[in-house]
Amino acid sequence: MPARARPLSPHVGIYRWQIGNTLSILHRFTGIFLALGFVALSYWLVALAGDSSAYASASRLFASPLGWLALLGWTFAFFYHLLNGIRHLFWDAGYGFERDARRTSAWLAVGGAFLLTLGVWGLLWHFGRL
Amino acid sequence: MSLRSPLGRARGLGSAKAGTAHWWGQRVSAVALIPLCLWFVFSLLLLPNLDYDTARAWLHWPVSGFLAMLLVAVVAHHSYLGTTVIVEDYVHDEGYKLLGLLSLKFLHVLVAGAAIFAILRIAFGN
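Line by line, the protein sequences are chains D and Y.
Residue 1 is where the first sequence starts when you use the working numbering, and the numbers rise one by one after that.
Residue 1 is where the second sequence starts when you use the working numbering, and the numbers rise one by one after that.
Hints are computed from structural coordinates only; laboratory data are not their basis.
Yeah, the Cβ is synthetic: ideal placement off N, Cα and C, and Gly gets one too.
Just a few of them, taken from the derived set where beta-carbon distance is under 8 Å, the chain Y residues facing chain D: (1) Ala30; (2) Val31; (3) Tyr52; (4) Val111.
With the rest of the complex left out, here is chain D (with noise of 0.2 Å):
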């Protein structure tokens, strides 16, 4: 028999670019990022449950220049899901579905990150620890 072709629903390409199919389309990039951030952490814990010279070499990665932007951008990305994560288990509940608390929320999830990965790294460099 042959395939007939589907009707299909129209592409995304269609649609206007807005911040909520943005902020979307980023909850799932930043899950993926934090999914490689589980097996980094994975990676330091058996380093640290090795001898120190295992520990060291793990430190050295880290303290690396590429090592710095990851755990950044790890940081961006866990304040940003977790925010955006908390938007979303409202709607669960069934709150927050107004156009202007949607937009509300949003622009809350992304500064609310932005701010938080800032406090955090400022935090670091104001205690020395960078």
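Starting from the known structure of chain D, arrange chain Y on it as the hints suggest.
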């Protein structure tokens, strides 16, 4: 009365009857991760430094070791559920989809197992 066609049923199309449990598990693990992740991030920030001895002493303390173990287990579950949805959404070839889903399951168990074993080694070591 079922609205599914006999052909659709024979091909295994339609609901796998596990969607609600998956959706619910994602939310429950998300709620559990809010306090666990915040505890982890702020505990690390509050340590005077992340030297070998300092970090080990922190995880040697029963409360930290226990919470770290819970964190790893719940993160693994949440991450597995999330990445599974991504593979199901974008990989449409049955063979690659199965390969992707199985790889995700094996990798998550492997990474979580290694992390939990490491925490136990530190917690019960000297």
